[in-house]
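> Two chains, two frames, a set of hints: combine them into the complex.
Line order of the protein sequences matches chains V and P.
Each residue of the first sequence is one higher than the one before, starting from 1 at the first, in my numbering.
Each residue of the second sequence is one higher than the one before, starting from 1001 at the first, in my numbering.
I should point out that these hints are in silico values taken from the structure, not numbers from a laboratory.
Being a predicted model, the structure only gives us computed values, none of them experimental.
Incorrect hints may appear among the rest.
With a cut-off of at most 30 Å between alpha-carbon atoms, the simulated DSBU-like pairs for lysine-lysine come out as follows [as the list claims (entries may be wrong)]:
#1 V:K77 / P:K1047
#2 P:K1139 / V:K77
#3 P:K1064 / V:K54
#4 V:K12 / P:K1047
#5 V:K12 / P:K1064
#6 V:K25 / V:K73
#7 P:K1064 / V:K73
#8 P:K1047 / V:K73
Okay, here's what each chain looks like letter by letter:
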Amino acid sequence: MINNPAKDTYMKFDLAADMMTNDNKGTSNKKSMGKGLFKRTGGSKNKVDEVSDKEPIDIAMSYFLAIRQERNKLQSKQGS
Amino acid sequence: MYKDRLEPVLEAPVPGIGMTHEVGARPWQQPPQYSNIDDVAQFYMGKMQGDSFAEQTLNLLETKMPVTMIANAMQTTNVMNGVHSIDIGILALPIIMEMIMLVGDSEGIDYVTGIERDIDSEVEDSSIALVLSKIKDSKIDTESEESLIEEPVQEMPIQEEEEDMPTGLMARRV
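Extracted from the complex, chain P is given alone in its bound form (with noise of 0.2 Å):
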């Protein structure tokens, strides 16, 4: 079918997807259900006001969870279900983070957002940064000083090679 085509075919499925499922038939190869970022909004805006969302967020917010990985999930799994495409989840996802935090702290929840600096990190980087800098400068201080000063060349003991003494059944004995 495509064997006499020049052009590249893009629109062809992905070798072995055939071995999986028809294609098609899955929820994230159709059309998604929502096409613009106003109705994808509502529809996060309208899912996360409902008390079982609240609870079960704010389980996974107890449980240090960082916010970031909870809005990944969740728009992760909405591109699989077919309700939205990635491009919107991806501009959906700071408003996603947003209510979550929201519900966070109307409860009163100490939450981990996941985009805190990690301080600590920065700094072991830094000091080792700063450590290597002073290892190379003192290399190349001991350098310049070794090549000023001439050591004095100390001549190797040459040892006399011992004669090999022939060993058989047939050499002469000394």
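Just chain V, with the same shape it has in the complex (with noise of 0.2 Å):
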């Protein structure tokens, strides 16, 4: 039985984002697009269909995760 949503809901987020920001640590960020006409054709991607793609929780990840950030460089910048 779920007591406290709130609690447990941050905690699944927290954890897939430390999941996240880990594996991004471990990668390349740069994406390989490819060249000329695929890369065209793959870039020809519209905007508005990326953003209806996609489900509800990985837009409220990418909510959190911006916030995080933000968080994070207030952190840092009272630290030092």
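Set out below in structure tokens:
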């Protein structure tokens, strides 16, 4: 039984965010887009379509990560 | 109306709800104002950037009210007001918490998140478990020792039953 939904969901998001940041550290951030026609066809994807393709939890995670980055920046500023 | 139906009626109102208010008149019984997480996140972020919200939140954080509790209260209030559904509210909870913590950090407040591990209680639990296991072990040891050593059976002294003396008016005197 969930007694504190905020705690449970936050801990899950926190864990997922940590895992995502660790994964990103290990691999390079550059995405291989290909060359020529392949690049043009791949890159022509509409932004609206990209947003609608995402699952609600992915959208929530992207907001969560963005705010966390802001917090980390703020903490590093205050620390220095 | 529903008397002769064989299948369960799931769209029927909860018994007794007619005594409180007309069905559908409450905000939470209507379709929510925002139906996707993007809109709900924008709604909360817009709300939290206001000065009044920041001031109220900072006051609450200074009283050491946990961030989880504030987020839960905000979310349930907005569900009650028909802003969003419970599902979207649960998804938005980490965003709300992170925003509140950002506000607290920006003002340099030492807040309580509500997700900290209660180490003292954990230590107490583990120490109690340890003591219980020790007691169990010692019991098992003593039982095994008792079974090995046969104790001499002490004969209980048999009490001689006193003869019942007749007591009554007509009883013969001895």
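> Would you mind marking each hint as holding or not holding in the structure?
Evaluation of the provided hints:
{"no.": "1", "hint": "V:K77 / P:K1047", "in the structure": "25 Å, holds"}
{"no.": "2", "hint": "P:K1139 / V:K77", "in the structure": "60 Å, violated"}
{"no.": "3", "hint": "P:K1064 / V:K54", "in the structure": "37 Å, violated"}
{"no.": "4", "hint": "V:K12 / P:K1047", "in the structure": "25 Å, holds"}
{"no.": "5", "hint": "V:K12 / P:K1064", "in the structure": "24 Å, holds"}
{"no.": "6", "hint": "V:K25 / V:K73", "in the structure": "17 Å, holds"}
{"no.": "7", "hint": "P:K1064 / V:K73", "in the structure": "24 Å, holds"}
{"no.": "8", "hint": "P:K1047 / V:K73", "in the structure": "22 Å, holds"}
Hint violations for this structure: numbers 2, 3, all remaining hints satisfied.
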